[in-house]
Amino acid sequence: MAKINSAKELQAYKDEVVKKVEAAGKKEVAVCCGTGCQAYGAKDVVAAFQEEIKKQGLDDKVEIKPTGCHGFCERGTLVLMHPEKQLYQRVKPDAVAEIVEKTLKNGEIIEAHLYDNPATGEKHKLESEIPFYANQKRLILSNNGEIDPTSIDDYIAHGGYLGLAKSIEMGPEKTIAEVKEAKLRGRGGGGFPAGVKWELAAKQEADQKYIICNADEGDPGAFMDRSILEGNPQAVIEGMTIAALATGADTAYVYVRYEYPLAIERLTIALEQAREKGFIGENILGSGKNFEIKINKGGGAFVCGEETALIRSIEGKTGIPKPKPPFPAESGVFGKPTNINNVETYANVPGILREGAKWFTSMGTENSAGTKIFSLVGKVNNTGLVEVEMGMTLRDIIFKIGGGVPNGRKFKAVQTGGPSGGCLPESKLDLKVDFDSLTQEGSMMGSGGMIVMDDQTCMVDVCKYFLGFLKFESCGNCTTCREGLRRLHELVSLVADGKGDENTIPLIEELCETVEKGSLCALGTTGVNPVRSTLKYFRDEYEAHIKDKKCPAGVCTELITYEITDACTGCLVCKKRCPENCISGDKKQKHVIDTDKCIKCGICKDACKFDAVRIF
Amino acid sequence: MTVEITINGVKAKAEKGESLLEVIRKYGFVVPSLCHHHAVEPCGSCRVCLVSVTDNGRTKLAASCNYKVREGLDVTTDSEEIRRNRAMVLELMLAESNAPQVQKLAAEYGVTSSRFSTEETKALAAERDGCILCGLCVRVCEEVVEVAALNFEGRGDKRDVGTPYQEAPQNCIACGACAYVCPTDCIGFVEEDGVRKLKKWKRELPMAKDPSGRPIAPQFQLYYFTQKAGLPADFYKKGGPGSR
Amino acid sequence: MDTAKVEAIIKKHNGDATALLAIMQDVQAEENYLPREAVEHIAKKLEIPISRIYSMATFFESFHLEPRGKHICTVCMGTACHVRGAQRLVEQLERDLKVKSGGTSEDGLFTLEEVNCVGACALGPLVIVDGKYHGNTTSAKISKVVTEIQKVEGGK
Ligand SMILES: Cc1cc2nc3c(=O)[nH]c(=O)nc-3n(C[C@H](O)[C@H](O)[C@H](O)COP(=O)(O)O)c2cc1C
Ligand code: SF4
Ligand code: SF4
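Protein chains in written order, with the working numbering: chain A, 1 to 616; chain B, 617 to 860; chain C, 861 to 1016.
Hints are supplied without guarantee of correctness; some may be wrong.
Here are the simulated DSSO-like cross-link-like pairs (lysine-lysine), alpha carbons at most 30 Å apart as the crow flies [stated by the list, open to error]:
id : chain 1 : residue 1 : chain 2 : residue 2
1  : A       : K43       : C       : K1011
2  : B       : K853      : A       : K322
3  : A       : K605      : C       : K1001
4  : A       : K203      : B       : K629
5  : A       : K588      : A       : K410
No lab work stands behind these hints, which were simulated from the structure alone.
This structure is a prediction, so every number in the text was calculated from the model and none was measured.
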């Protein structure tokens, strides 16, 4: 494969690829192969399709494309048929023969694979008719359903690397000005303006500068960055290359979590292809500039997502954060100026250069332009990845796109911003989501996790969960963070166990101040957010645990008992399954749980077909 | 580069990048600290050196030891807020450490017992024997002695200070630098029957003696110096440094 | 572990001490844990103190200093899995495998681990057994998966 040496050659190459695809006139069938769908068996679906189109003689008419994540993980494996964008959901390998025969060959729709809207009972044929997709604005994710992440030609055919070409033409200063004008803010959590950061790095005098892409994505309940890297790695590479040329860096590191093997695999292939085409490596697009990208696998420490800790980890040390200033842009990897941005931040850059800053600021809110990807998970009907314009309300995201809370349960809270974010109650659902509004309410944007909780979620338990996470993930250097979070966890656990008293909450609040003010990095300083926000909005739940020794949601094991109600038919199922053998009762007789022996594992409740096991 | 900052209303001059704590102390103000020593890189671990800093229009509490001085900082070293937070830091520390040094400093801030103490923390404190995990020992061994026999272990609430595989480190020369800088005196540096011991590290080294039978230093330490300085192998045998 | 293998890995990274994390990961990938001989060998070759490797190995979650079981069960403990009852899966597996989370069963067959989040939240709760994702699982279903393996292994 020959290198592409100029913007003109790139345009010509693009035209050629597009023409070739058109000439072949194949119908494209995109099979989602994100981690989620792969877990449902997407790879087998792809194999079945390939075998079947051969068998039915459609080789030259249909192209099967394994793609990145389409976002609607709840309904995997997803099969999207172009150009109409018909969507089949929950496709299993054994359904493929029929799909090829009926739909691909004869254009017949198979009702059983269509999405059925639980709210209206309607069946939707097209992706765009499904509320989950209809209410999104997919700038970055749209490519995930279109391109094969292992084919750079696909990316180029969709306008790939035109942004880079444009930026080379504009030169560093104008490129930075454009990114500043676009008001692109860091998607990794802080929301710092990317252009300002680039400018600071560009200003530094140094013999060597670096670029880092933060793909450590440690927030539990978040997988935006993984899906971008799996589905559209070239966009990230293009964004990084633009940043490198703008700041004067020639080497980059992508720091990816080791738990993301597929992302690493796709990125490795993408880098190889970008190098072959001359988008990275030596003399990029004939510009005379060089740029190399290396992959670093993270070692599995949440705190290494913090930029200074990440930098230490790249240097081969343990990830203990450093005070800022100096900022990485002044003194980063090996003491050299380093620009660090998040995966999604970089993925937004090519579009801004290609379409212009005005286009970008036409979306979103005054101070938060563009879109944001959220991973909408937890107790919500349509779990998955959603990309929306900044400024959409929480209510619209959770109910219009997410389809609300499953099993007819009641919405209780939504947690945003990862472990150091906050929980917002029903009364805040009309909040327009952007960087500033969430922070104002005591939560934060974070990297974009959005976890929905229903009335069966105990907020004391959730708070305990996050504190347990944070105390384990703290680097352990600051006394306030290491000991402070540990004691907070102990105190909240005390509440959860029904052992709290009137002094517990005041002590928690007192300690929060010192953990926040006394810790070095944001893990400690914002680590108190889960405590503060749950205490602010769900204080009554704490009080129920302390005063009434009750867990209203029926979660905290010390405060609940399992009992069998009169709905019991005496079917023996729970009795057989109980690991402690503490259920007694004969066939067709109401069973009884020996509450003294019961370990509250909940297996009986799961096993009962008659909903006769209840929590009291 | 010399920069100007303000400490408690007093104008002060300092080198850019210097440790704020050291500048504060140079100007005669008192700020407590446990994990700082001028010989090693500051690490901001104990958090008792909290002061209030206004930098670029933003005011916040920060550990002063690893705060690098920049032009225009406005620093306050004592206030109700600062004392309240230092007291809480010390109360946290008191739950994990029974060192007299910690108790004394805590008492100065009116903290005589910790509300976080439980049977569990008492057991942990007894096991740690006063250690506050400040890591001065680790840093001095690595940065000054350049032996790097010690290490931090784990992270978060599992963090500890120790030696690889919890065994006596074979490269430790028993120089005692760690014991010298330790703010809580918990390393157990002793010399008994011609053997130098560092109890916390389980390291024991026999002493070399001068011709009159007086112990000079551990044999292994002399060997290490001989190697490191390129001295003749019998340098110390001839009677040691004094006989040159 | 074969020193030749360690040598090869170090060579692959050009003997570069800043690639320490990657070297340790490669060794771990070969052996499923970081054998002490390998740690000592890396230290010697890269001229870095063992203490530094030891602190890295205990700081980062991905490293193991003890041999792990033949089969590895990893329970995702992400927030989405947590609110859908992941803790109960851990408890179930602890009972089935007769091992505490984080440990390896006495017969060396199973290691039970927890992971913060694998980002497959739509599938929660989720357990990964020997690299295979078992999504939307329950105590009963996952119990079956491991008892199957136990049966196969027991029959050998
Ligand atoms: C404890 C902690 C964890 C973090 N984890 C991540 C992460 O996983 N991914 C990320 O992009 N940024 C993370 N950040 C934010 C980074 O420090 C940094 O702000 C970000 O990479 C900058 O990129 P951006 O400006 O493009 O957002 C984390 C910060 C903290 C304090
Ligand atoms: S705040 Fe916590 S994670 Fe951050 S440096 Fe301090 S101890 Fe480490
Ligand atoms: S032994 Fe002393 S110097 Fe070392 S960490 Fe503990 S208190 Fe600090």
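To see whether the hints hold, each was checked on the structure:
This hinted pair checks out: K43 (chain A) and K1011 (chain C) have alpha carbons roughly 28 Å apart, not beyond 30 Å. Pair hint K853 (chain B) plus K322 (chain A) does not hold up; C-alpha atoms about 46 Å apart against a cutoff of 30 Å. For the hint pairing K605 (chain A) with K1001 (chain C), the CA-to-CA distance comes to about 15 Å; that is within 30 Å, so the pair holds. Straight-line distance between C-alpha atoms of K203 (chain A) and K629 (chain B) comes to about 27 Å, which keeps the hinted pair within the 30 Å bound.
Only pairs whose Cα atoms come within 30 Å are accepted, and K588 (chain A) paired with K410 (chain A) is rejected, the gap being roughly 34 Å.
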